[in-house]
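Participant: Sequence:
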Amino acid sequence: MSFPRPPIRTRPRRLALPSLAGMALALVAAALLAACGGGGSTDAGTPPPVHNDAAIATARSGELLGYVRQRLQQRGPQGAVADLANAPGWFQTTVSASGNVSRSGTVVQEAGVDEENLLKTDGTRLYALQPLASTGQPGSAYARLQVYAPGAAGRPQPLGQATLTSGDGAWMVTRGLLIADDLPRLAVVAESTAGGFGEPCPPGMACLTALLPYVPQQPRLHVHLLDAGQPSALPTPERLEIDGRLIGSRQIGRMLYLVASHVPQLAFDQLPASASMADRQAALDRLTAADVLPKIRVNGGPAQPLVAETDCWLQPANASTQVAVTTVTAIDLGSPAWARTSRCFVGGTEALYLSPASLYLATTRQDVQTLANGRVAFAPEMRTDLHKFAIAGSSVAYRASGSVNGHLGWDRERAPYRLSEHHGDLRVLTFTGTLGWLSAADAGSVAPSPATLTVLREGPNATLQTVATLPNAQRPAPIGKPGEQVYAVRFAGDRAYVVTFRQVDPLYVLDLSSPADPRTAGELQVPGFSDWLYPLDGGLLFGVGKDASERGEVLGVKVALFDVRDAARPTLLDSRRFGSRGSVTALDYSAQGLALQVDGATTRLALPMLLTQADGIGPPLQQVQRFDVDSATRSLAARPAIELGSGWADISGVRGLLLGHQLHLLRDGLLQTWDW
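Quick note: the sequence shown uses this note's numbering, first residue 88, plus one each step.
Possibly wrong hints are sitting among the right ones.
Label pairs and their in silico Cβ distance ranges [unchecked claim]:
#, residue 1, residue 2, range
1, D140, Q352, 23 to 31 Å
2, A426, T658, 50 to 58 Å
3, S227, G511, 26 to 34 Å
Calculated from the structure, these hints are not laboratory results.
Positions of the beta carbon are idealized from the N, C-alpha and C atoms, including for glycine.
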């Protein structure tokens, strides 16, 4: 007997010199022109190359150091960018829109592109990854991997387990696991940070670090590679440690793609304010590429270079004084030796987006992230650069770059869902405001963040050219009303669904069928808001969020089913409310908090919740709410909840997986099974 594979939901696709930093930048620009066919005379009638200040070019020997030295000179000693560059993703809210169901049972953004999760199947076995409390000590256990096979009546029976340990003395946070297609070979992804309170104190300076907030330092990406072919005797995993915080991980077939952002700790930044020009120049002269580039450690061995400077792309027009290095590492999970390759981009990255054929990095070239009254602030002139790479196995080849107004928001987990590739076009929803909300109560005092939709298409000379924007002169209506913020975005084929909120929940349906003329096709206002959207077959849209009063006061959890067959007339078919103010779901912590299965006309959904009771009387209830959506009758039915107990509990690591007519639930290290 084997576990039935979850159905794969797919959609059809159409087919310097070290002391001469300024000269180094000039060399990069010249190399870029040469790569684009510029730098010399052109034949009569041939248009000159299109200027593209978002473009990047492969660094030549010495250019990377010139690039970095110039930025250090611009900011001076103690000028390290003290923003969220080193902050790992668990410091932000992790609500995300979701998409299709992968072959491993994980709810993902793009069909054919898998994402990490704590509970997965390969169709034959179940793999459960249980995070453990990290002690911050070298060699401490941070996760336990358990392998199960189907037993009587489909109940999983344990086959074997492995305890995963950290190689450094740092705090660990488990991200999830990914399984190679058609092979029992998997990768476990985690992060560590050495962390401390306040920024490092430069020599000779008095620093009241005890009064400053916690600042993550020296983050590392941890990858454990494991062959589970013999689950009763799991081998010692191959352990990789890569400098930098995790931007994202994705898998296509047997290829695992990891993107990390490394901010090096440089001696120049530790100089006191009183340092002389000679001291500053000496620190710059001592700087080497090895000081800047990230390193990798294999099985606890010595640090080795992850990339060489000629493996990196530079962006000449990047004006940010931040020194960050984004790495893209491709690992072949099917290779006996876990073959891997890495490339890098010199600059910070806000988000990774992966389609089945392309990898996109969303980057910034301004020092824009600061803390303003507890909120993350962006410069009014903020622009986001987008770099497209073609992916084929371990090959990551640069294709084109472009830029859009605004930024991808304040939540790193949510940012990738603001991008979508369809028929070769990239659609991006950006924010052009400067401050975001911490809560719905901020709506009365904080200006809204207007939203802009941009459609880009790869053109000549390595450019991502803007095809259209919305709003525009012909269609000036904003996406959202005054005082509203965008809460959810979900691209689905030639449509996009956008939810905004202040007091009511306007659901906007955007028609993207004509890339050159995107438009708002329809709008629906209902109480509350959805911050998670999932398009279902038959023109249905399922949403999860919060209910709200007429004054905009956020109440309990709300699920809703919308009819969006007619884009011009979206309607609410049904909605349910659970718990009172303060109630949360697993989707408030992870996009994989929802278990979903499509079986013919029926879609089954299971969502763990922590529900506060009315007026705060009594402890909260721990439940799994279950729903059936019937696309034939266009109805939403709630099954009896699975009771898990009462009292405050951490549901961030609760994961469900629907197989056949059974729900498997991973909670507190236990895997339980219920018949649907």
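Participant: Please go over all the hints and tell whether each is borne out by the structure.
Facilitator: Structure-based check of all given hints:
Checked against the hint of 23 to 31 Å, the pair D140 and Q352 passes, with Cβ atoms roughly 30 Å apart. Restraint check, A426 to T658: a C-beta distance of roughly 52 Å satisfies the suggested window 50 to 58 Å. Hint check: S227 to G511, Cβ distance near 47 Å, so the stated range 26 to 34 Å is violated.
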